[in-house]
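**Q** Line order of the protein sequences matches chains A and B.
Take the first sequence: its letter number 101 is residue 101 in the working numbering, and every next letter is one higher.
Here the working numbering runs 1000 ahead of the position in the second sequence, where the first position is 1.
Hints should not be assumed to be uniformly reliable.
Unchecked claim - Some, not all, of what chain A presents toward chain B, calculated at C-beta under 8 Å:
{"no.": "1", "residue": "Cys92"}
{"no.": "2", "residue": "Phe141"}
{"no.": "3", "residue": "Gln269"}
{"no.": "4", "residue": "Met273"}
As the list claims (entries may be wrong) - For lysine-lysine, the following BS3-like pairs were computed, each having C-alpha atoms within a straight-line distance of at most 27 Å:
{"no.": "5", "chain 1": "A", "residue 1": "Lys85", "chain 2": "B", "residue 2": "Lys1133"}
{"no.": "6", "chain 1": "B", "residue 1": "Lys1002", "chain 2": "B", "residue 2": "Lys1031"}
{"no.": "7", "chain 1": "B", "residue 1": "Lys1002", "chain 2": "A", "residue 2": "Lys109"}
{"no.": "8", "chain 1": "A", "residue 1": "Lys158", "chain 2": "A", "residue 2": "Lys207"}
{"no.": "9", "chain 1": "B", "residue 1": "Lys1158", "chain 2": "B", "residue 2": "Lys1190"}
{"no.": "10", "chain 1": "B", "residue 1": "Lys1207", "chain 2": "A", "residue 2": "Lys133"}
{"no.": "11", "chain 1": "A", "residue 1": "Lys109", "chain 2": "B", "residue 2": "Lys1012"}
{"no.": "12", "chain 1": "A", "residue 1": "Lys109", "chain 2": "B", "residue 2": "Lys1032"}
{"no.": "13", "chain 1": "A", "residue 1": "Lys252", "chain 2": "B", "residue 2": "Lys1252"}
As the list claims (entries may be wrong) - Rough simulated footprint, nothing fancy, chain B against chain A, three-plus residues with beta-carbon under 8 Å:
{"no.": "14", "region": "58-67"}
{"no.": "15", "region": "70-82"}
Everything labelled a hint here was simulated from the structure, so no lab data went into it.
Given the structure is predicted, the values throughout are model-derived calculations rather than measurements.
The C-beta atom is built at its ideal place from N, Cα and C for all residues, glycine as well.
Protein chains: 2
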Amino acid sequence: MKDVAKKANVAKSTVSLVINNSGYVSEETRKKVEDAMRELNYIPNRLAKNFSSQRSHLVGVVVPDIMHPFFSNFVKHLEKSLYDKGYMTMVCSTLGREHVEQEYLNWLKQSTMDGIIMCSHNLSIQHYIDAQKPLVSLDRFLNDDIPVVSSDHYSAAKITVSKLRENGCHKVVQFIGSSNANIKADDYAKYCKELFNGPDEELIFHKMPINTFSLKDYFFTASQAFSQNERVDAFIGTDMVINQCLKISRQKNIQVPDQLKLIAYDGTQVTGMTYPEISAVVQPIEALAEESAKLIISVIEGKEVTGQFNKNQVFWRQGGTTF
Amino acid sequence: MKDVAKKANVAKSTVSLVINNSGYVSEETRKKVEDAMRELNYIPNRLAKNFSSQRSHLVGVVVPDIMHPFFSNFVKHLEKSLYDKGYMTMVCSTLGREHVEQEYLNWLKQSTMDGIIMCSHNLSIQHYIDAQKPLVSLDRFLNDDIPVVSSDHYSAAKITVSKLRENGCHKVVQFIGSSNANIKADDYAKYCKELFNGPDEELIFHKMPINTFSLKDYFFTASQAFSQNERVDAFIGTDMVINQCLKISRQKNIQVPDQLKLIAYDGTQVTGMTYPEISAVVQPIEALAEESAKLIISVIEGKEVTGQFNKNQVFWRQGGTTF
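Isolated chain A (complex conformation):
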């Protein structure tokens, strides 16, 4: 660094400012310093810098499958939020592999990452608690010390049920997850069932396979639901499975929304890929990502943050699969 300062004919502190991109340095001076660095082949070692500060400025995000539109959308906005705050994002799709989730936690314990945002839920809760490191959980309660970010699933259920009634639905099939992982989104189904409870109202749960997000599996699950249930007025569930329900309706020549209503919960771009577009209760994915980023950094910086942040407002987006 001394050599760079000498060559560029500036103070050593100026070189430091340029390297750390902090404080005011004129364009001209910056260029002189950068030229000197290039000529001397001097590369400031960020690892060395991290080592001394004991912060890596890396945040990990663990998702079930980055290819799933909900998670690719979430990661997009998360990475942008973290970047704006000076952190980089590491991403991991567990694809149902428990050991990957475990190893990520190990990396966290070993300070490769400063914190993790967990959106995947294969391991038992104890593993996360044992980590004793900055964690934020998306949509799953772990313990009182780990903040949980989720949408307002109760409002989502209220909107869904009111739309079902407006559309005159009596018999409804709802696709639900099949894990027992204490996932908040499962509350959505529970609330729907509680609320859709009139004398003439029936809500039937149909389980989805665990840890698979392939189109083939969604198609299979949707086909099964069609064949196992007769005279259904509506299907409700996450975007991908409802997308496949629409596809099957067309194949079977069932008129949507005249003969069958479809409502998706998530409202990712998948609901805009068909004609008609799918009516959806929309999760505010960008807000969930921003809140997760804000929280993990607060925890990393040692601020006390606990509790459940589940008031992220959902909203209705009218498509052509309901009236």
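Keeping the supplied structure of chain A fixed, place chain B upon it in accordance with the hints.
**A** Chain B in isolation, oriented as in the chain A frame:
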């Protein structure tokens, strides 16, 4: 580490084996060591380890937008391949922001990452060459020293044109990118135009907007192409824009494939979300990801790797948007 060894009643080398997860250690011994580590609150500092080895075992991947199905699919398989080889994946969506791409290159220069796989192309080529660090490029030639991974776009064009002819198409609109970034995928359009050159054959290029991957923009571009071109037999382009063409066809009550043919190039899951499914020339995304992972690690490990790896075989998947 000595204290852990003492407490667990094993050799120090055994503790090291457990920490580094290398060599054979019985389950029982591993548990003893882990218990001792927990009791002593001993956490091996991976950053310190990285510092001494000068390797971070992090690979960055820079994509235009992780939400785009091609890239979320690519990153999924890339991360899995890298993980299996002992590397973690950092992800960055540039979202058209040049300074983000530049900063990522700076991080690379400063050894935060061991290497980068570039799938985004905002910056001029010189920036990448200046980095003088392990780089692999997806689908763009940078210079002779930086390996390029791409699909066999010439075969893709041959398949496309032969399908257009089988379907009796004469006037075809092809959606093309509008950057001048020397992207290999642009060769696909060039080849299609060269090959679709019979006396009765016309191929019209329709430009897509730069650096935007929102459904709204795809819809707008597709609508424009419909209104600007009359008596078109077929539209060809990437999955998302062709998806929106199918949507518009339904809106306008144009029968697909009777009155209009649609062929997508990429063949991501988007082509399976509609009825009919979209006929596609499929890029082998998993193979592209695996090859990219293999190459970047070879470069990181100092092996000499140069050249273009563009023989990744594409294939035809028949949907219902062509005969």
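**Q** Compare the structure with each hint and give your call.
**A** Taking the hints in turn, this is what the structure says about them:
1. Cys92: Nearest chain B Cβ about 6 Å off; hint holds.
2. Phe141: violated, 24 Å
3. Gln269: OK, holds: glutamine 269(A) within 8 Å of chain B, min 5 Å.
4. Met273: holds, 5 Å
5. Lys85(A) / Lys1133(B): holds, 26 Å
6. Lys1002(B) / Lys1031(B): Holds: lysine 1002(B) and lysine 1031(B) sit about 17 Å apart, inside 27 Å.
7. Lys1002(B) / Lys109(A): holds, 20 Å
8. Lys158(A) / Lys207(A): Judged against 27 Å, a Cα distance of about 21 Å means the pair holds.
9. Lys1158(B) / Lys1190(B): Holds: lysine 1158(B) and lysine 1190(B) sit about 11 Å apart, inside 27 Å.
10. Lys1207(B) / Lys133(A): Judged against 27 Å, a Cα distance of about 49 Å means the pair is violated.
11. Lys109(A) / Lys1012(B): Distance ~20 Å between lysine 109(A) and lysine 1012(B) Cα, so the pair holds.
12. Lys109(A) / Lys1032(B): With Cα atoms ~18 Å apart, lysine 109(A) and lysine 1032(B) stay inside 27 Å; holds.
13. Lys252(A) / Lys1252(B): holds, 22 Å
14. 58-67: holds (count 4)
15. 70-82: With 6 residues in contact (Cβ-Cβ under 8 Å with chain B), the coverage given for the region 70-82 of chain A holds.
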